[in-house]
Each structure stands twice: as C-alpha cells, then as structure tokens.
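In terms of the UniProt record's numbering, the sequence shown is residues 1 to 131.
Any given hint could be a false lead.
Said to hold, decoys possible - Here are the computed lysine to aspartate or glutamate pairs in the DMTMM-like style, where the Cα-Cα straight-line distance is at most 25 Å: (1) Lys-78 / Asp-125; (2) Lys-74 / Asp-125; (3) Lys-74 / Asp-15; (4) Lys-99 / Asp-125; (5) Lys-74 / Asp-114.
For the record, the hints were derived by calculation from the structure and aren't laboratory data.
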Amino acid sequence: MSDAVTDGGASPFEDALLAGQRGEASSTDVLGAFLDAVVIVPSGPAYDETKGPFEPLIVSNGTDSFMVVFSTVKQVSKFGAPAGSTPYLASMPAIDVVKRLAPGAGIVVNPGSDVGFEILPTLLDSIRAAA
1 MSDAVTDGGA
11 SPFEDALLAG
21 QRGEASSTDV
31 LGAFLDAVVI
41 VPSGPAYDET
51 KGPFEPLIVS
61 NGTDSFMVVF
71 STVKQVSKFG
81 APAGSTPYLA
91 SMPAIDVVKR
101 LAPGAGIVVN
111 PGSDVGFEIL
121 PTLLDSIRAA
131 A
C-alpha cells in the first residue's frame, strides 16, 4: 500500500477519497465529498471578462474527454502537464464544475496521483439531472 493511501489527506475531500481507497467509505460517500469540495481547475489563459471564460485542461483516454481538476494545489504540483499549457489555476465548488461542464465530458480528479479517480460522462449526466 502506498504512503498516499495510509497517510491523511490534505483536505476533507482527500480524507474521504483515502477512506474510500481503504474500503472505509463507499463510492457514494466519496462522490458526495467531491461535490461538496472546492476544487482547483488548471487553465491555459488567464480569465478575462472581455474574452470569455477560462479554458480548462481537457484530456482524453481515447474514448471519452475529461476535464482535469485537483483536490489541492499540492496535487497540481505532482501533475506533469506540458510546460506552459496550464499556467493559471482557478478554485471553484466542484458542484459548479459539474453543472457547467458540457454534456459528454467527464472529470478526472488528481490525474497521475494515487489519490484520484475519474467520473464518467454518463454519471455526470445523472448528477446534473438530479441537481
């Protein structure tokens, strides 16, 4: 078992995620903690009201596209994004990210980390319908 799973998280959401990885919390509990969390969203350009919304980092697994979010700034530093591709960060409630994300896209939390997961587009569609 990695240190990331045995050590405490850096936020209540990470604590819930770690508890889920240890089998001490259900996937519903982890998803609920995510939706209650404030997440960090990397963006290429700086936000400018005259130019429109920021441009979040989108990655693909070959089948689906996922918006990248992080649980903490520390998790951002672990991610190996191409230099200069995401020089800006925005923090926002995860539920707002879910509500504003285009249908057909998923979310990947803490990509490349032991403390992360994917939310498939179909699940996000269900969450939006229930919210």
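We went through each hint and held it up to the structure:
no.	hint	in the structure
1	Lys-78 / Asp-125	violated (29 Å)
2	Lys-74 / Asp-125	violated (29 Å)
3	Lys-74 / Asp-15	holds (14 Å)
4	Lys-99 / Asp-125	holds (9 Å)
5	Lys-74 / Asp-114	holds (13 Å)
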